[in-house]
Amino acid sequence: MYNKNRLSKQQFIPIILGASIGVYSTARSFHEAYGVNSISICRHLTGQINHSNIIEPLVESRMEDEDTFFQCLQRITDDFPNTPKIIIGSDEWHVEMIVKLKGALDKSWIIPYTDNEKLQKVIDKTNFYKLCDELDVDYPKYISLKSNQLLDNDLPFSFPIVIKPTSRVIYESLSFNGKKKVFIAQNRHELDEIITLLRKAGYHENLVIQEYVPGDDTAMHILTLYIAQDGQTKLAAFGQTLLEDHTPGGIGNPVAIRTFQNDEVVKQAEKLVKHVGYVGFANFDLKYDQRDGKYKFFELNPRLGRSNFYITATGHNPTEFYIDEYLNQKKLSYTIVKKEVLYSIVPKKLLLNYIREAELKGRIRKLYSKRLVKNPLFYFSVEKNIKRLFYIFASTFNYYRKFKKYPPHS
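The numbers in the sequence shown follow numbering that gives the first Met the number 0, run straight up by one, and end at 409.
Check each hint, because a few of them may be wrong.
Straight-line distance between alpha carbons at most 20 Å, and here's what the computed PhoX-like set of lysine-lysine pairs gives [unchecked claim]:
{"hint": "1", "residue 1": "LYS329", "residue 2": "LYS106"}
{"hint": "2", "residue 1": "LYS360", "residue 2": "LYS347"}
{"hint": "3", "residue 1": "LYS140", "residue 2": "LYS286"}
{"hint": "4", "residue 1": "LYS348", "residue 2": "LYS403"}
{"hint": "5", "residue 1": "LYS347", "residue 2": "LYS369"}
{"hint": "6", "residue 1": "LYS266", "residue 2": "LYS286"}
{"hint": "7", "residue 1": "LYS347", "residue 2": "LYS404"}
{"hint": "8", "residue 1": "LYS120", "residue 2": "LYS140"}
{"hint": "9", "residue 1": "LYS270", "residue 2": "LYS117"}
{"hint": "10", "residue 1": "LYS329", "residue 2": "LYS348"}
{"hint": "11", "residue 1": "LYS293", "residue 2": "LYS266"}
{"hint": "12", "residue 1": "LYS270", "residue 2": "LYS120"}
Estimated spans, in silico, between C-beta atoms of each pair [said to hold, decoys possible]:
{"hint": "13", "residue 1": "GLY248", "residue 2": "LEU150", "range": "23 to 31 Å"}
{"hint": "14", "residue 1": "GLY230", "residue 2": "LYS365", "range": "36 to 44 Å"}
{"hint": "15", "residue 1": "ASN352", "residue 2": "ASP78", "range": "42 to 50 Å"}
{"hint": "16", "residue 1": "GLU192", "residue 2": "SER380", "range": "28 to 36 Å"}
No lab work stands behind these hints, which were simulated from the structure alone.
None of the values given here were measured: they were computed from a predicted structure.
No residue lacks a Cβ here, since even glycine has one placed at the ideal position from N, Cα and C.
Construct the complete structure from the given sequences, taking the supplied hints into account.
Rendered as structure tokens:
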């Protein structure tokens with residue numbers, strides 16, 4: 000349970016949903032900028048937030064239930080009636096719940112998200128790709144398979160292919176053996192098996208069956224935009240993923256990112272958000288396609304991403320955009336991240352071991368030599384708890400075991 004006395008002295012209270020490294024990263028960014036602690040509403044404690052000096056956990060095992068979740072928020076309202084509270088989601092279903100409750104919370108709550116109609120236009124993958132097609136934004140070829148539809152015909156692209164649910168919110172509520180964030184099929188037999196697995200598990204929404212864009216982890220890229228309430232982009236932060244998690248439950252999560260500027264990708268993304276009238280943070284996943292030299296947009300996540308500390312690492316704290324606009328009511332200027340830094344949560348030796356390109360490996364070594372490397376969990380000036388420190392070091396070196404068991408695809 001959170002420390003009521005400590006939190007009541009703050010100018011405002013961030014309420015962050017979840018218990019992932021992304022939650023800790025956001026809490027750290029708030030703490031660095033304003034010296035405030037955050038409340039984390041989560042199903043259970045994780046090592047990323049446990050024993051932290053900047054996070055006050057509120058554990059609710061049934062937080063996905065809307066009534067239970069609202070009661071949690073009402074309890075916080077009762078404890079801090081006059082303190083501004085800003086609520087931040089770290090997953091799609093968090094954002095959907097927050098948006099649905101927008102009208103039920105009093106004026107002490109800051110809800111920095113777009114409305115539900117606009118949200119649905121961007122989080123459903125089929126809708127997102129239709130928008131890309133309409134606005135001439137590059138994306139991978141795909142077909143959409145409805146729940147009652149059989150895949151009788153040949154695919155319009157060759158194997159391997161990618162299979163993923165269109166609704167992450169519904170998919171996240173399911174639990175079954177063999178569950179992965181994204182599936183890859185090498186042939187038609189594997190594709191049929193994956194479709195059968197998902198339908199038997201209770202996922203009856205549309206599936207996206209998509210061409211596989213060739214390239215290793217370094218072909219993946221990330222873009223974060225902040226769109227203010229006036230519809231104008233106020234922050235653009237681009238980066239190249241250097242290495243991804245390849246465990247079944249974490250596949251696709253970046254563990255190392257190199258930042259740099261890419262104006263063309265920003266222009267493409269802005270076409271999407273401006274057309275929809277989207278506001279708030281938008282986190283895009285992209286992959287560079289060496290076949291045509293274009294960046295292909297995979298999805299828009301309506302929130303700060305799990306690896307959001309890659310932005311803070313450049314000296315541009317994303318939480319300041321929230322507070323300056325919604326609480327301080329400042330007029331925001333446009334910021335595009337130009338500084339090259341390295342965000343990494345894995346050991347240096349492990350990262351360099353998986354980088355093949357000599358020039359890129361040299362860049363990474365130079366960033367280490369210049370001490371332009373940031374790990375959000377390494378907040379040692381503030382975090383002194385011995386149990387937490389032990390977890391941080393153990394979990395960091397545990398990546399050697401993870402990558403030995405689940406190495407990147409060749």
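Evaluated hints:
no., hint, in the structure
1, LYS329 <-> LYS106, "holds (19 Å)"
2, LYS360 <-> LYS347, "holds (11 Å)"
3, LYS140 <-> LYS286, "holds (13 Å)"
4, LYS348 <-> LYS403, "holds (14 Å)"
5, LYS347 <-> LYS369, "holds (14 Å)"
6, LYS266 <-> LYS286, "holds (16 Å)"
7, LYS347 <-> LYS404, "holds (19 Å)"
8, LYS120 <-> LYS140, "holds (19 Å)"
9, LYS270 <-> LYS117, "holds (14 Å)"
10, LYS329 <-> LYS348, "violated (43 Å)"
11, LYS293 <-> LYS266, "holds (13 Å)"
12, LYS270 <-> LYS120, "holds (14 Å)"
13, GLY248 <-> LEU150: 23 to 31 Å, "holds (26 Å)"
14, GLY230 <-> LYS365: 36 to 44 Å, "holds (39 Å)"
15, ASN352 <-> ASP78: 42 to 50 Å, "holds (49 Å)"
16, GLU192 <-> SER380: 28 to 36 Å, "violated (50 Å)"
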